[in-house]
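Since chain E is already given, all that's left is putting chain Y with the ligands on it; use the hints.
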Amino acid sequence: MQPLIHINKLNLFYTSFHALKDVTLTIPEKAITAFIGPSGCGKSTLLRTLNRMNDMIPGTRIEGSIAIGGTELYSNEVDVETLRKKVGMVFQQPNPFPKSIYDNIAYGPRLHGIRSKQKLDEIVETSLKSAALWDEVKDHLKRSALSISGGQQQRLCIARALAVNPDILLMDEATSALDPISTLKIEELVQELKDRYTIVMVTHNMHQAARVSNQTVFFLSGEVIEYSDTEKLFSNPTDQRTEDYISGRFG
Amino acid sequence: MSIFQDANRKQIANRRRVDWLLHILFVIATSVGVLALCALIIDVLVDGVARLQPQLFTEFPSRKADGSGMKSALVGTVYMLLIMLPLSFVLGVGAAIYLEEYAGKNRLTRLIQLNISTLAGVPSIVYGILGLTIFVRLMSLDRSLIAGAFTMTLLVLPIIIVSAQEAIRAVPKSRRDASFALGATKWQTVSRSVIPSSLAGILTGVILAMSRAIGETAPLVMIGALTYVAFLPNSLMDSFTVMPIQIYNWISKPQLEFKELAASGILVLLALLLIMNFSAIMLRNKYQKNV
Ligand SMILES: Nc1ncnc2c1ncn2[C@@H]1O[C@H](COP(=O)(O)OP(=O)(O)OP(=O)(O)O)[C@@H](O)[C@H]1O
Ligand SMILES: [Mg+2]
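In order, the protein sequence lines correspond to chains E and Y.
Every position in the first sequence, counted from 1, becomes a number in my numbering once 172 is added.
Every position in the second sequence, counted from 1, becomes a number in my numbering once 34 is added.
If we strip away everything but chain E, and leave its shape as in the complex, we get:
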């Protein structure tokens, strides 16, 4: 597993609140990395620095280094629209647009200038297939995306993210609003996607992290306490606090 993302001594402040403290971490390419830790420890914050969604929160300040494939994200040479095209994101609540299934998937490609109907048709089909949703919706692509189930909506959001051809996929508790069967489907989907994409997921469900991920990062109040192969972290943690957390003694 080649490292793709390098984070070095990253500090993030929300106005005066110090939300990430000296975070140093590497994230491997074409693998699944899980962020775990108690509520408010900064998992979502770190995830949002990877596609610079924090830029929109007024008063956010960043120090240190965060680079993808050697390119510093907060440097002048990176324009944020291109970055977000390369780093897709799936949110906790499924958030399809109130448009048809087709137009939801085509939204991203259209943003980036693809007009040809034939090309769009092709993208819609391959994206929905990648998100394991094609067979369920192929006969009613014109239906409103709000009319399908929550689990299907979330897979639609994954397909929508894939449609702009990203390298990295960020998922912030993407299954926490779903029922167990939909969750399972998405876990299986993520397993398939990791051959083609680098996936970073936040989860509150330790079993999920253990089941799905290759690497796990444990956070506590804005610090990375420990990160390593998932198997090693869960079977043989080096830090006492990690052990306490995964054995359910706090959090």
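The set of hints was computed from the structure by calculation and includes no laboratory data.
Every residue, glycine too, gets a C-beta built ideally from N, C-alpha and C.
The reader is advised that the hints may include incorrect statements.
[As the list claims (entries may be wrong)] Each computed BS3-like pair below joins lysine-lysine, with the alpha-carbon atoms no more than 30 Å apart:
#, chain 1, residue 1, chain 2, residue 2
1, Y, Lys207, E, Lys271
2, E, Lys314, E, Lys202
3, E, Lys314, Y, Lys220
4, E, Lys310, E, Lys202
5, E, Lys291, Y, Lys139
6, Y, Lys207, E, Lys258
7, E, Lys314, Y, Lys139
8, E, Lys301, Y, Lys139
9, E, Lys202, E, Lys181
10, E, Lys181, E, Lys271
11, E, Lys181, E, Lys291
12, E, Lys301, E, Lys291
13, E, Lys357, Y, Lys207
14, E, Lys289, E, Lys314
15, E, Lys310, E, Lys289
16, E, Lys193, Y, Lys207
17, E, Lys271, E, Lys310
18, E, Lys193, Y, Lys139
19, E, Lys366, E, Lys181
20, E, Lys271, Y, Lys320
21, E, Lys258, E, Lys291
22, Y, Lys220, E, Lys289
23, Y, Lys98, E, Lys271
24, Y, Lys139, E, Lys310
25, E, Lys314, E, Lys404
26, Y, Lys220, E, Lys258
27, E, Lys314, Y, Lys207
28, E, Lys289, Y, Lys139
[Claimed, not checked] Restraint ranges, calculated between C-beta atoms of paired labels, are given here:
#, chain 1, residue 1, chain 2, residue 2, range
29, E, Lys291, Y, Ile163, 19 to 27 Å
30, E, Asn183, Y, Thr167, 23 to 31 Å
31, Y, Lys139, E, Lys291, 35 to 43 Å
32, Y, Arg144, E, Asp311, 45 to 53 Å
33, Y, Ile146, E, Ala349, 49 to 57 Å
34, E, Glu294, Y, Lys139, 41 to 49 Å
35, Y, Ser225, E, Asn183, 30 to 38 Å
36, Y, Asn42, E, Asp411, 41 to 49 Å
37, E, Gln412, Y, Arg144, 43 to 51 Å
38, Y, Lys139, E, Gln412, 42 to 50 Å
39, E, Pro200, Y, Tyr132, 53 to 61 Å
40, Y, Phe60, E, Lys310, 49 to 57 Å
Below, chain Y with the ligands alone, put in the same frame as chain E:
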């Protein structure tokens, strides 16, 4: 049976009585408004229905009631709407988008916000004075159609801005996030996600503002709209009249025939208002389904 035993029957009876009393009160409160409107409509119908004839739409006003119509006023009102609508839509929605999506939340924008909300409540005559000073005198547009339309645009702008802001604010943040996360710019997000999601609300506000405008008389009297116009405006610089002014003019004449004409004028105005408000509701229902 035992689980009901500790119920305090007296207290429950009391609560029911209060419930019933308030119910009656609310029914009365509602009926006051509805009855007043009914009384108005019936009264106007009785007076005006006889003169609700084609000539009302095809004839200009004249000294004799029998040959009189409100063609010039009707056309004046329609022209006015046609000028105002695009103008106030672009300016009003533009301002709302700026304030909601682009402007930072600081002291200055809060001050602007307060001003706009206050302007929405300023009496319309004040806009008449403003229009007289700026458009009629300063820009020497005289008592023209365009001066009237500009004045009315100022009058409805704050209403449109405030209602468009509300509609835009109601679009959930998650929908903007979804768009930004796909690499959209601000304008792409606004134009492809925020506006489509809020369009119904925006249009509803615009229509309601327009229906307010076509009933307004005071500001137009102020800037000097004529009360007797026997021609159609040919250019933006021509003088003009509008329906409520024509109605006012007829009502103030002593002869009974003119009072009847006024009543039929009111009926036309009411019908127009009804159509506009109805289309606002239809719009809202149509778009609410897919929001
Ligand atoms: N926009 C913001 N402004 C100020 N403080 C914030 C903001 N967003 C998050 N925080 C704070 O930063 C800290 C980290 O928040 P973050 O959302 O990253 O936590 P998290 O680990 O994702 O928690 P959860 O598991 O509950 O989602 C929290 O203490 C939170 O209160
Ligand atoms: Mg979070």
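*Does 49 to 57 Å hold as the CB distance between isoleucine 146(Y) and alanine 349(E), or does it fail?*
violated, 38 Å
*Given a hinted range of 42 to 50 Å, is it respected by the beta-carbon distance of lysine 139(Y) and glutamine 412(E)?*
holds, 44 Å
*With 41 to 49 Å as the target window, see if asparagine 42(Y) and aspartate 411(E) comply at their CB atoms.*
60 Å Cβ-Cβ, so the 41 to 49 Å window is violated.
*Given the hint that lysine 289(E) pairs with lysine 314(E), does the C-alpha gap stay at or below 30 Å?*
holds, 14 Å
*For the pair we were handed, lysine 258(E) and lysine 291(E), check the Cα-Cα distance against 30 Å.*
Given that 30 Å is the threshold and the Cα spacing comes to 19 Å, the pair holds.
*At the C-beta level, are arginine 144(Y) and aspartate 311(E) separated by a distance inside 45 to 53 Å?*
holds, 51 Å
*Is the Cα-Cα distance between lysine 366(E) and lysine 181(E) 30 Å or less?*
It holds: about 27 Å lies between the C-alpha atoms, which stays within 30 Å.
*Is 43 to 51 Å a correct range for the gap between the Cβ atoms of glutamine 412(E) and arginine 144(Y)?*
Holds - the Cβ-Cβ distance for glutamine 412(E) and arginine 144(Y), about 50 Å, lies within 43 to 51 Å.
*Holds or violated: lysine 314(E) to lysine 202(E), with C-alpha atoms at most 30 Å apart*: violated, 33 Å
*Hey, lysine 139(Y) versus lysine 310(E), does the alpha-carbon distance stay inside 30 Å?*
Roughly 44 Å between the alpha carbons, so the hint for lysine 139(Y) and lysine 310(E) is violated.
*Can the restraint linking lysine 202(E) and lysine 181(E) be considered satisfied, given a maximum Cα separation of 30 Å?*
Status holds; Cα separation ~24 Å.
_For lysine 289(E) and lysine 139(Y), compute the direct alpha-carbon distance and say whether it is at most 30 Å._
violated, 41 Å
Checked against the numbered hints above, the structure violates hints 2, 5, 7, 8, 10, 11, 23, 24, 25, 28, 29, 30, 33, 36 and 39; every other hint is satisfied.
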